[in-house]
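*Asks:* From first to last, the protein sequence lines stand for chains A and B. Heads up, the first sequence stops at 640 in UniProt numbering, and the numbers go up one at a time, no gaps. Heads up, the second sequence stops at 245 in UniProt numbering, and the numbers go up one at a time, no gaps.
Please note that the accuracy of each hint is not assured.
Claimed, not checked - To be clear about the criterion: a stretch of chain A counts as covered by chain B if any three or more of its residues have a C-beta under 8 Å from a C-beta of chain B, and this derived list gives those stretches: (1) 166-179; (2) 183-195; (3) 481-488; (4) 516-526; (5) 567-580.
Claimed, not checked - Across the chosen pairs, the derived CB separations fall in these ranges: (6) Ile115(A) to Thr16(B): 27 to 33 Å; (7) Asp8(B) to Asp523(A): 47 to 53 Å; (8) Leu184(B) to Pro317(A): 40 to 46 Å; (9) Thr10(B) to Gly177(A): 26 to 32 Å; (10) Arg407(A) to Glu183(B): 55 to 61 Å; (11) Arg437(A) to Arg152(B): 57 to 63 Å; (12) Val117(A) to Arg152(B): 44 to 50 Å.
In short, the hints are calculated from the structure, not lab data. Predicted model only: the values in this text are computed from it and were never measured. Glycine included, C-beta positions come from ideal geometry on N, C-alpha and C.
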Amino acid sequence: MQRWKSVLRTPLGLTATILTLAVLVLAVVAPMLWTGDADAVDTDNILSGPSAEHWAGTDNLGRDIFFRTLVATRLSVELALAATAIAVAVGLVLGTASFLLGRRSGRLVTAGINIAVAFPGILLALFFAVVFGVGATGAVLAIGIAGAPMFGRLTQTLVAGVEARDYVAAARVAGVGRVRILLRHVLPNIAEPLVINATIGAGGALLSFAGLSFLGLGVQQPSYDWGRLLFDGITSIYVNPAAALAPGAAVLLAGLALNLLGESAAKALGVGVVGGIPALPAVARVAPAEPVAEGAGHEGSDLVLDVRDLEVTFPGPTGPIRPVRGVTFAVRRGEAVGIVGESGSGKSLTALAVSRLVAETGRVDAERLELLGHDLRGPDTRAQRRLLGTSLAMVFQDPMTSFNPTRRIGGQLAEVSRHHHGLDRRAALGRAVDRLRAVRISDPERRARQYPHEFSGGMRQRAMIGMGLMGSPALVVADEPTTALDVTVQQQVLDLLAAIREQDDVALVLISHDVAVVAQVCDRVLVMYAGRIVEDLPAADLHTAARHPYTRALAAAVPDMETDLDQPLAVIPGRPVDPADVPVGCAYAARCPLATARCREQDPPLEIDAAGRRVACWHPGESPESGIDELGSLAEVEAS
Amino acid sequence: MTSLRFDDVTVRYGTTTAVDGVSLTVPSGQVVGLVGESGSGKSTLARAAVGLAPVHGGSILLGGEPVPTRGRHRPLQMVFQDPYSSLDPRMSIGESIAEAIPPGSSRAERRAEVERLLELVHLDPGRSAALPARLSGGQRQRVALARALAGRPEVVVADEITSALDVSIQGAVLNLVRELQAELGLSMLFISHNLAVVRYVASHVAVMHQGRIVEQGPTDRVLAQPDHDYTRALLAAVPGRRSTS
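With the hints as constraints, model all of the structure from the sequences given.
*Replies:* Spelled out as structure tokens, the structure:
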């Protein structure tokens with residue numbers, strides 16, 4: 001319901017709704033009020049033009065065309081709705097038949113629908129008009145049945161989409177019958193698009209009716225709808241153009257109203273929230289309450305990446321949402337830094353902000369954001385793109401979508417060098433082959449000529465890394481590079497990243513939800529929670545010397561090959577913080593066994609110690625009195 | 001509880017053989033882990049067991065009888081990987097669970113059963129009217145487990161039930177699986193690509209590779225002294241193993 005209301009919030013949606021309502025009200029009211037006026041015969045004014053008495057003139061019996069057009073609204077709308085109802089009903093039966101009948105019979109129905117769809121609708125309508133006889137009933141059946149295949153096809157597609165979902169499989173496994181699954185699981189989940197398309201279909205039916213009546217195949221005398229009035233009016237168009245224009249305009253307006261309503265509803269419901277979101281106000285940056293601790297007291301020349309107080313903000317329906325809230329870290333040459341955290345912790349957005357890939361609606365603010373000493377905060381200039389293109393390599397999670405499927409791998413790699421280094425086609429392709437060899441792809445000359453779909457997932461991910469190596473990157477940012485890969489392939493990709501790092505002294509930022517992967521590959525780990533770094537520690541200390549209760553819980557929650565089988569796994573009660581609703585105080589307090597009143601009121605600053613380790617906690621290193629929370633208190637916390 | 005037996009099961013999709021002559025037994029009251037990579041056929045085997053994939057050869061027997069794939073009584077239940085897709089977004093969690101309860105009980109009995117099941121998986125029974133959207137991934141997966149248990153199954157098939165969950169939540173679901181197994185004596189076929197997870201919940205493990213089972217046996221034996229090269233490769237690939245071994 002809430003979502004349907006959002007339709008009214010767009011100007012187009014509002015206009016279309018008002019127009020549609022006006023047409024419907026007119027359909028109900030007009031025949032009651034004006035039937036007398038519409039049927040009154042004025043023998044003095046036969047076939048007259050527009051006048052003060054008859055706004056749109058009169059017909060061959062001297063009846064007022066303006067009133068007749070108003071009164072005809074009811075019949076026109078009724079017929080259109082009846083035809084749409086038939087189309088929807090028949091379409092639903094056809095569209096769900098293959099779901100109900102099972103594979104073999106379903107295929108026959110599908111074939112039938114496909115053949116019916118291929119026929120032009122108007123031809124079908126004419127055919128049915130002949131079969132059912134000339135008149136309103138025949139026309140309704142004709143237009144209804146002609147519209148059914150399209151609707152059937154749509155239903156079928158939507159049903160197929162829902163059918164593939166696991167909850168339908170789950171219901172099947174539970175022994176729920178097909179009809180019941182259809183009624184309880186499938187239809188409710190496809191109702192929205194169906195209603196929208198039925199609305200658009202009603203607009204179309206209205207127009208088809210007018211067309212059919214205009215051809216003399218629809219409504220017959222003495223009844224009249226807009227098409228019939230148009231048919232009558234067209235004979236005298238040279239005498240009184242208004243006689244044809246008035247019903248024509250009515251058809252146009254009503255059809256337009258229904259179509260626009262359907263389309264604006266589709267747009268609003270499909271996209272989610274449309275419009276209504278205010279642009280981000282230029283907020284003055286609040287200076288951090290305490291001086292933010294820096295990575296360590298190292299020299300600036302050694303830094304590859306220097307990020308201070310990074311914030312990423314997106315506009316939200318109820319105000320700006322800030323998924324990254326002041327992140328400060330530095331990466332030195334050749335260093336491997338891991339960022340771990342749960343989904344929604346802001347770890348991926350931090351990486352995207354560094355590579356300037358945050359979606360356009362988002363805003364990136366930082367006190368400092370430097371790659372190799374160059375400020376990345378400025379406008380998107382050619383020089384900056386070149387710097388990012390050659391010094392920074394980005395590896396994404398899903399190797400299936402990071403290449404253009406229609407172009408050869410070699411060409412896609414070569415493009416980087418042609419664009420940024422000005423190499424010619426031949427030289428660039430040569431370098432691409434060389435880089436593919438560097439990422440251990442066998443037979444690189446042949447592979448370079450292949451398309452992405454000919455590569456396996458692991459090879460594609462290696463090719464992606466190879467693309468990053470076309471320049472001479474000082475930093476590789478890898479965002480969950482192995483999550484989509486199998487374990488044995490994961491190891492190859494991690495080994496490759498390690499080798500690249502060693503060979504060329506390249507710095508690596510590895511983002512992962514997997515503590516074990518990060519601990520294996522990285523020197524240092526940043527633990528993020530609710531858009532902030534809560535701990536920064538050497539990877540070797542992750543399981544043994546972590547001081548933040550979240551880090552310790554995260555490390556203990558994942559079973560490894562040495563986990564004690566007699567103990568339940570440590571769990572973190574509650575759920576991660578929603579970036580739209582970050583609590584005051586320490587964001588982790590609600591899930592923390594150490595939380596005190598102070599934690600709930602004041603957000604702890606990220607403090608640095610002598611060894612360069614950082615932690616944001618009021619109780620660093622303390623252990624909870626009652627051991628780590630187990631399932632009993634978990635239920636309690638989640639129930640609250 | 002009864003045992004689930006796969007006997008020389010073959011599943012084909014067109015010309016590709018997804019499962020190739022697999023024989024595997026899930027003994028009564030035991031958790032058997034099934035590990036392998038994507039495309040190894042482990043999920044297909046699970047779907048074949050509950051009748052969601054066509055079996056071309058061999059037999060799947062539950063307590064010596066073929067698994068019923070028609071009618072309301074389904075003694076073999078399945079929990080799916082993605083709790084965001086396995087619960088109908090328009091149905092309250094209580095309704096979803098109630099749907100799987102075998103027919104023949106009154107409304108009040110069903111409600112009591114839903115409450116009992118929610119409690120069993122450590123969710124507040126008062127939340128049975130909540131829609132899945134209001135729940136976290138871990139809570140949803142617990143609802144999915146409750147739904148599977150609602151069918152009074154003799155064996156449960158769990159297909160990668162933790163791999164779509166955040167690490168902080170994974171642990172709670174694994175604890176629950178172990179707890180249910182200990183309390184109810186549940187037999188379970190537990191499918192996962194994660195050896196550490198399987199090691200934690202399963203007493204037996206079977207390793208699947210290219211549609212075949214290449215090795216099976218007690219978990220501690222298979223993980224300590226793997227016989228097959230592929231098992232060794234899998235073990236070597238567990239992150240963090242290299243530095244220690």
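*Asks:* Hint says 47 to 53 Å; check whether the CB-CB distance for Asp8(B) and Asp523(A) agrees.
*Replies:* holds, 51 Å
*Asks:* With respect to the beta-carbon atoms only, verify the hint that Thr10(B) and Gly177(A) lie 26 to 32 Å apart.
*Replies:* holds, 29 Å
*Asks:* Taking 8 Å as the C-beta cutoff, is the stated coverage of the stretch 516-526 of chain A by chain B satisfied by three or more residues?
*Replies:* Three-residue rule met by the stretch 516-526 of chain A, so holds; n is 4.
*Asks:* CB of Leu184(B) to CB of Pro317(A), is that within 40 to 46 Å?
*Replies:* holds, 44 Å
*Asks:* Are there three or more residues in the stretch 481-488 of chain A whose C-beta lies closer than 8 Å to some C-beta of chain B?
*Replies:* holds (count 3)
*Asks:* Holds or violated: the stretch 166-179 of chain A covered by chain B, criterion of 3 or more residues with Cβ-Cβ distance under 8 Å?
*Replies:* Coverage by chain B holds here, the residue count being 10 at a Cβ distance below 8 Å.
*Asks:* Indicate whether the distance between the beta carbons of Arg407(A) and Glu183(B) respects the range 55 to 61 Å.
*Replies:* Given a distance of about 56 Å, which is inside 55 to 61 Å, the answer is holds.
*Asks:* Using the C-beta atoms of Arg437(A) and Arg152(B), is the stated range 57 to 63 Å upheld?
*Replies:* The hinted range 57 to 63 Å holds for Arg437(A) and Arg152(B), with Cβ atoms some 59 Å apart.
*Asks:* Check whether three or more residues of the stretch 183-195 of chain A sit with their beta carbon closer than 8 Å to a beta carbon of chain B.
*Replies:* holds (count 4)
*Asks:* Look at the Cβ atoms of Ile115(A) and Thr16(B) and judge whether their distance stays inside 27 to 33 Å.
*Replies:* holds, 31 Å
*Asks:* Please verify the coverage claim for the stretch 567-580 of chain A: does it have three or more residues whose C-beta sits within 8 Å of some C-beta in chain B?
*Replies:* Per the Cβ count (7), the hint holds.
*Asks:* Falls inside 44 to 50 Å, the C-beta gap from Val117(A) to Arg152(B)?
*Replies:* Distance hint for Val117(A), Arg152(B) holds at roughly 46 Å.
In the structure shown, no violation is registered for any of the earlier numbered hints.
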